[in-house]
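Asker: Given the coordinates of chain C, work out where chain W should sit on it, guided by the hints.
So the protein lines, in turn, are chains C and W. Positions 1 to 432 (the working numbering) are the ones given, in order, by the first sequence. Positions 1 to 432 (the working numbering) are the ones given, in order, by the second sequence.
Simulated from the structure, these hints should not be mistaken for lab results. Because the structure is a prediction, the values reported are computed rather than measured. Careful: at least some of the hints might be erroneous.
Identical chains share a label here; the pair holds if one copy fits it or two copies do between them.
[Unchecked claim] List time: in silico DMTMM-like cross-link candidates among lysine to aspartate or glutamate, alpha-carbon distance up to 25 Å: (1) LYS405 x GLU425; (2) LYS426 x GLU158; (3) LYS405 x ASP26; (4) LYS405 x GLU110; (5) LYS405 x GLU176; (6) LYS426 x ASP209; (7) LYS405 x GLU326; (8) LYS426 x GLU326; (9) LYS426 x GLU415.
There are 2 protein chains.
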Amino acid sequence: MEVDIGNALAEAADPGVDRSALEELDERVAAAHERIERGRADGEFGYAALNLPERTDPDAIREAVAPVADAETVLTVGIGGSALGARTITTALGPDAGANHLVLDNVDPEHVRRVLDDVDLGSAAVNVVSRSGTTAETLANFLVVREAMEEAGVDWSERTVVTTGESGPLAELATERDLPRLAVPEGVPGRFSALSSVGLVPAAILGIDLDGLLAGAREAADGLAPSLFDCPGYAYGATAVALEDRGATINAFMPYSERLEPFAEWFAQLWAESLGKDGRGQTPARALGATDQHSQLQLYRAGRADKLVTFLRPRERPEQRVPDVEHDDLAYLAGTDLGELLDTELRATEASLAEAGRPSVRVEVDALDARGLGELLYGMEAACVLAGELTDVETFTQPAVEWGKAAARDALAGESTERTRTLEEKSELHVD
Amino acid sequence: MEVDIGNALAEAADPGVDRSALEELDERVAAAHERIERGRADGEFGYAALNLPERTDPDAIREAVAPVADAETVLTVGIGGSALGARTITTALGPDAGANHLVLDNVDPEHVRRVLDDVDLGSAAVNVVSRSGTTAETLANFLVVREAMEEAGVDWSERTVVTTGESGPLAELATERDLPRLAVPEGVPGRFSALSSVGLVPAAILGIDLDGLLAGAREAADGLAPSLFDCPGYAYGATAVALEDRGATINAFMPYSERLEPFAEWFAQLWAESLGKDGRGQTPARALGATDQHSQLQLYRAGRADKLVTFLRPRERPEQRVPDVEHDDLAYLAGTDLGELLDTELRATEASLAEAGRPSVRVEVDALDARGLGELLYGMEAACVLAGELTDVETFTQPAVEWGKAAARDALAGESTERTRTLEEKSELHVD
Chain C
1 MEVDIGNALA EAADPGVDRS ALEELDERVA AAHERIERGR ADGEFGYAAL
51 NLPERTDPDA IREAVAPVAD AETVLTVGIG GSALGARTIT TALGPDAGAN
101 HLVLDNVDPE HVRRVLDDVD LGSAAVNVVS RSGTTAETLA NFLVVREAME
151 EAGVDWSERT VVTTGESGPL AELATERDLP RLAVPEGVPG RFSALSSVGL
201 VPAAILGIDL DGLLAGAREA ADGLAPSLFD CPGYAYGATA VALEDRGATI
251 NAFMPYSERL EPFAEWFAQL WAESLGKDGR GQTPARALGA TDQHSQLQLY
301 RAGRADKLVT FLRPRERPEQ RVPDVEHDDL AYLAGTDLGE LLDTELRATE
351 ASLAEAGRPS VRVEVDALDA RGLGELLYGM EAACVLAGEL TDVETFTQPA
401 VEWGKAAARD ALAGESTERT RTLEEKSELH VD
Chain W
1 MEVDIGNALA EAADPGVDRS ALEELDERVA AAHERIERGR ADGEFGYAAL
51 NLPERTDPDA IREAVAPVAD AETVLTVGIG GSALGARTIT TALGPDAGAN
101 HLVLDNVDPE HVRRVLDDVD LGSAAVNVVS RSGTTAETLA NFLVVREAME
151 EAGVDWSERT VVTTGESGPL AELATERDLP RLAVPEGVPG RFSALSSVGL
201 VPAAILGIDL DGLLAGAREA ADGLAPSLFD CPGYAYGATA VALEDRGATI
251 NAFMPYSERL EPFAEWFAQL WAESLGKDGR GQTPARALGA TDQHSQLQLY
301 RAGRADKLVT FLRPRERPEQ RVPDVEHDDL AYLAGTDLGE LLDTELRATE
351 ASLAEAGRPS VRVEVDALDA RGLGELLYGM EAACVLAGEL TDVETFTQPA
401 VEWGKAAARD ALAGESTERT RTLEEKSELH VD
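Bound-form chain C, shown alone:
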């Protein structure tokens, strides 16, 4: 992984960061690195996530899923961090870009019904993921899936793999029905668990190279260093914080690769839930190049100067020549390749922002293979942990989601609590 922060410097952009300010910030990066290394060494909550490349045992995962390894389709039932990492990995690396990995990460009844009608429940593997084993959406969906399998005459207990914590309804069920069961690693929040069984079960079933993925991540882990100038993940995290402090309160995250579209969603959760607290944190805006040049670029270049645009690009792309055509207006396409076109668009968009003084950062990997993706996942996690240290937030918790969860639970249970009263006493002004 390589990070180029040239277009985020004050000499190129406003907001932008001085080279001298970056040198000063680097002293805080060194201190933060020390803190992070201490957390890793002690296996502290959250910091432990950065040890996953060493800790995760791909053989154990492959062994656990062996009973369903014949499946051509995986149906993951999970939400948030229990689904995004797995989806990101199978789309980036899976056969057919993850089309054989279906995810129920929402409780839209129509969508759930359609997925269940489309999938061959007799041959699919069902991958249920919830640390607590009580996540409302996941458990409700799993109950529906289980019933659908029963109705289809399929023994669900033969096709289901469970990833959960040490106790709770899912753990009990796994014991009771002797299901293949994987542990959610201790001390690792959901959004940091892509490189554990939480993110790797579907990949293992679909034959993705877990060893390469972990090796790439290990390489990134080995590259952690006490200076942003020596460590690409830290360079990204520190630059993002410096830019946020100077007004770039939005991080428009724009991979130039269809296979990395879910990576932008994964990043959005990582960034938002980890850093969005205490009245601060950049808002991630997911985008996709080149498509969103035709949707968001007008705003990025000419709207409020409150954005850092992050470009993400694999250097290797397969060839696809653009056939020649005889027309003056299209002469410039002669002899090009789609990949060349895509990369040229990235460079032009980057220059277009720089020309307007808008900051951007470019992140690159040599190729979008298992190693490259492992590096990227780990690099962005390190960036996020560093950003949390630099902004002094509790990176690994998400206290602000609890109120809503509890309110929904109370309301569904038909209880009258202070929370359900807030629901009922909503301020209203209707226009129809």
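Answerer: Just chain W now, with coordinates in the frame of chain C:
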């Protein structure tokens, strides 16, 4: 369509708008409405988009696509406004939620290759859309598709429909090869063209109820009125502007419906390209409920107070009972339905934001059918045009995207221009 702005009032949120400030703003809404009606009456550029429900002839579209009406799959080749409206409509209303509508709206060589390998080119309809007929991505992709069809022994001219302007390479090609051809309506920017042939060709081929869609939009058009208190689209647009002026520089757009996921993308283009100019405009952040409660809600509730959250919900949902389970921790799920769960989560999330003083607006339609979607599309377009009037920007142009387009063209043509020199003289600071 109904809009509830209760949770965006100052009595509920900060940023929030006073009822008295809203009354004052309403005088400007009246003036803006007059301007909009004048623009509509004169068929002025941009304003003409709000006449599409009257102007679009669904019979003419159905007739034009008759030669390929046997197609079970539509492959749209277009980008930005030439793809998003069509995708939005087929996903919301199409059989199998638009799974039979494939879109090439990017030039990622691997993705293009995979789509072409998966689709049966002999039976699909190819829908090429570009106003100018010179859009780089669209023309490059179309050339690749055409070659693939030839290689598969398919006469591409028998399976291709073209939607383009009066002149340009695509128009010439259509004449030369006698292709079914539809016109991009005059005076309608791409992002406002969903309710014209630009957005309706795939829907027509897939048998979607164009008449219902246009009837719903007509209803919304008939409902335009000189007060935000009488017109839901204007209520939304005016509230968004009032909130933006008070610090809500981000619009997190969050439908609670899988079928409306592309609607959020369509909205993001509409909002960003129309209003993102002169150093202002809200940045749209696309989200999806309930999924993103587990990804973005922490940030929305506890991060910077710079967001308006827009909830979007169809009132009708199909039934899907959650099977009973005997477990104390899951007792609250007993007797629920997935739709009830989803709606309860929306209400809880809305209340959770209100409880933290963060503003939101709720937009609802009775059902996600053709009428409801027509209303929504038109309502949001009206909201956007009103917002443009209130913020005094050139709503219908997108000048800031031109620099990058020209730079890419120059670079691909191998020319050395001031623009390509900007590309080459990029500021760099690499960390790897």
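Asker: The structure should be examined with respect to each hint, and the outcome stated for every one.
Answerer: Outcome of the hint check:
1. Taking identical chains as interchangeable, the C-alpha atoms of LYS405 and GLU425 lie at most 25 Å apart only when both belong to the same chain, with a minimum of 18 Å there against 51 Å between chains.
2. In this assembly of identical chains, the alpha carbons of LYS426 and GLU158 never lie at most 25 Å apart, being 47 Å within a copy and 57 Å across copies at closest.
3. Taking the closest pair of Cα atoms, LYS405 and ASP26 never come within 25 Å of each other, the shortest separation being 39 Å inside a single copy and 37 Å across copies.
4. Within a single copy, LYS405 and GLU110 get their C-alpha atoms as close as 23 Å, which meets the 25 Å cut-off; across copies the closest is 40 Å, which misses it.
5. Neither within a single protomer nor between protomers do LYS405 and GLU176 lie at most 25 Å apart by alpha-carbon distance, with minima of 28 Å and 61 Å respectively.
6. In the homo-oligomer, the alpha carbons of LYS426 and ASP209 never lie at most 25 Å apart, since the shortest distance is 51 Å inside one protomer and 36 Å across protomers.
7. Taking the shortest Cα distances, LYS405 and GLU326 sit within 25 Å of each other only across copies (21 Å), while inside one copy they are farther apart (60 Å).
8. Proximity of LYS426 and GLU326 under a CA criterion of 25 Å is satisfied in neither setting, with 63 Å inside one chain copy and 34 Å between copies.
9. In this homomeric assembly, LYS426 and GLU415 come within 25 Å of each other (Cα to Cα) only inside a single copy, at 17 Å, whereas the closest approach across copies is 61 Å.
The structure does not agree with the numbered hints 2, 3, 5, 6 and 8 stated previously, though it agrees with the rest.
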